[in-house]
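*Asks:* Take the two lone chains and join them into the complex the hints point to.
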Amino acid sequence: MARIPLHIRSWFGEQGIFLTLFIKGVPRLRPVSIEGLVDTGSPWLALSPQDCETLNIQTKTLSSPSEYINVRMAGVKFKRMLMENVEVAILDEKESTVRIKMPYVSVLVPTKHSEEKIPSVVGMDFIRCGDFIFHYNNKKREAYFER
Amino acid sequence: MSEKEILLKANGNGKQISTKWDEIAEQYAGKVIAVENGKVIGDAKTSSELIKILEEEKKDLSSISIISVPQTNVAYIL
Numbered sequence: 001m002a003r004i005p006l007h008i009r010s011w012f013g014e015q016g017i018f019l020t021l022f023i024k025g026v027p028r029l030r031p032v033s034i035e036g037l038v039d040t041g042s043p044w045l046a047l048s049p050q051d052c053e054t055l056n057i058q059t060k061t062l063s064s065p066s067e068y069i070n071v072r073m074a075g076v077k078f079k080r081m082l083m084e085n086v087e088v089a090i091l092d093e094k095e096s097t098v099r100i101k102m103p104y105v106s107v108l109v110p111t112k113h114s115e116e117k118i119p120s121v122v123g124m125d126f127i128r129c130g131d132f133i134f135h136y137n138n139k140k141r142e143a144y145f146e147r
Numbered sequence: 001m002s003e004k005e006i007l008l009k010a011n012g013n014g015k016q017i018s019t020k021w022d023e024i025a026e027q028y029a030g031k032v033i034a035v036e037n038g039k040v041i042g043d044a045k046t047s048s049e050l051i052k053i054l055e056e057e058k059k060d061l062s063s064i065s066i067i068s069v070p071q072t073n074v075a076y077i078l
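The listed protein sequences derive, respectively, from chains B and L. Residue numbering for the first sequence follows my numbering, beginning at 1 and increasing consecutively. Residue numbering for the second sequence follows my numbering, beginning at 1 and increasing consecutively.
Hints were generated in silico from the structure; no laboratory data involved. Check before you lean on any hint, since a few could be wrong.
The calculated EDC-like cross-link candidates involving lysine to aspartate or glutamate, where the alpha carbons are at most 20 Å apart (straight line), are [unchecked claim]:
#1 L:15 <-> B:95
#2 B:24 <-> L:60
#3 B:94 <-> L:5
#4 L:39 <-> L:23
#5 L:15 <-> B:87
#6 L:59 <-> B:95
#7 L:58 <-> B:53
#8 L:52 <-> B:115
#9 L:4 <-> B:92
#10 L:4 <-> B:95
#11 L:15 <-> B:146
#12 L:45 <-> B:116
#13 L:45 <-> B:115
#14 B:112 <-> L:49
#15 L:4 <-> B:116
#16 L:15 <-> B:92
So here's chain L without its partners, still in its complex pose (with noise of 0.2 Å):
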């Protein structure tokens, strides 16, 4: 996959979860999630774990956004 091709499939994932980011937000507290075609398709306790899981499912990581999501319990003013 290009480049052009990782960051298209990358805004869209953006663009879409951004749009239900409370609902994410509240479910996925604390956790790493994996965004593909804009859908939630797995999650971990970190990034390097996640990356397991997905090599594991032969996905292609290319398409995959991979975000962090902040606990719930503490803000962060950065």
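With the rest of the complex left out, here is chain B (with noise of 0.2 Å):
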């Protein structure tokens, strides 16, 4: 069985749940980790401008979702594109590589200029295709995906 572990902080004077992430299979992207903020209220993982600018992703390269083109996070307006046949590499806590291929990854790209660094996050597209449980204890303090 594996145990992912995830990093908790504050955030917003409550807790945030948050995971690293190295995202492959896909040309030309820079070769750095991200993270996401575990967010099971969102479909998708779902990358943010700031970490499409992290990664190089040209999102003129991506392709359009066939449903749910706008979407509103936080208040802001996105449009959404997909990278598709990603795979997604993390860390156990035996610090061995997990892998969790996926269809594609959403991509957030803005309608206009805004200010706000909104997280990516991790959704439930992704603890489905990496077949995860999810645990959470507040009052360890304690996170992580196992399966």
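*Replies:* Shown next, in the form of structure tokens:
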């Protein structure tokens, strides 16, 4: 059984749960890791505009979804694009690499300029594709994915 | 640097900055920060600006975590 530790940090006076991930399988991505806020309210793993810049994602090369093209997140409107056939790598507690194949990852493209630093979010499609159980214990300040 | 090495570095960075996040969030509100070995080594308004600075300094980006810090005057309900 693999257990993937998640980082917990202060998040607007409460606890926010973050996952470090490495995206591969797409040409010309900058080989850097990013962080996503675990958000079971999000249907998708969705990359923020800032993380798109970090990863050097060329949004013109992405495909359009057949549904849910317009997305609102934290009051900001985005166009959703898809980066297809992606492999996401994460580390388990024994520092072994766990790879999750996803048919696509959503990429949030701003429809107008915004100063907001919205995080990438790790949503339900990632939990489903990884076949994970999500554990969160507020009292112990502990969170992890397990499978 | 291998994918595993990148993830190990990033996990270390994430773990270390999580312990002092309140301080970082206050100091760098609304900015993008670069974290190496658990320490903030740079900041800018956007990821692109920060990456440009880091590349000019000939930093190895694969060992650095680039993290967005929310503004302090607004909370995000996602």
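*Asks:* Evaluate each hint against the coordinates.
*Replies:* Against the structure, the hints:
1. Proximity of residue 15 of chain L to residue 95 of chain B is assessed by CA-CA distance (about 14 Å); at most 20 Å being required, the pair is judged to hold.
2. For a cut-off of 20 Å, the pair hint linking residue 24 of chain B to residue 60 of chain L stands: about 18 Å separates their Cα positions.
3. Taking the CA atoms of residue 94 of chain B and residue 5 of chain L, the gap is near 14 Å; set against the 20 Å cutoff, the hint holds.
4. Restraint check for residue 39 of chain L and residue 23 of chain L: the C-alpha separation of about 12 Å stays at or below 20 Å, so the hint holds.
5. A distance of roughly 23 Å separates the Cα atoms of residue 15 of chain L and residue 87 of chain B; the hinted pair therefore is violated under the 20 Å criterion.
6. Only pairs whose Cα atoms come within 20 Å are accepted, and residue 59 of chain L paired with residue 95 of chain B is rejected, the gap being roughly 25 Å.
7. Between residue 58 of chain L and residue 53 of chain B, the direct Cα distance comes to roughly 18 Å. Compliance with the 20 Å bound is thereby established for this hinted pair.
8. Of the pairs offered as hints, the one joining residue 52 of chain L and residue 115 of chain B holds, with about 19 Å between alpha carbons and a cut-off of 20 Å not exceeded.
9. A C-alpha spacing of about 11 Å is found between residue 4 of chain L and residue 92 of chain B, which places the hinted pair at or below 20 Å, so the restraint holds.
10. Between residue 4 of chain L and residue 95 of chain B the alpha-carbon distance is near 8 Å, which keeps this suggested pair within the 20 Å criterion.
11. At roughly 19 Å between alpha-carbon atoms, residue 15 of chain L and residue 146 of chain B fall within 20 Å of each other, so this suggested pair holds.
12. Using a Cα cut-off of 20 Å, the hinted pair residue 45 of chain L and residue 116 of chain B holds, with the two alpha carbons roughly 10 Å apart.
13. Proposed proximity of residue 45 of chain L and residue 115 of chain B is supported: the alpha carbons are some 9 Å apart, at most 20 Å.
14. For the given pair, residue 112 of chain B sits about 19 Å from residue 49 of chain L by alpha-carbon distance, which is consistent with the 20 Å threshold.
15. Pair hint residue 4 of chain L plus residue 116 of chain B does not hold up; C-alpha atoms about 31 Å apart against a cutoff of 20 Å.
16. The suggested pairing of residue 15 of chain L with residue 92 of chain B holds, with an alpha-carbon distance near 14 Å, which does not exceed 20 Å.
The structure shown violates the earlier hints numbered 5, 6, 15.
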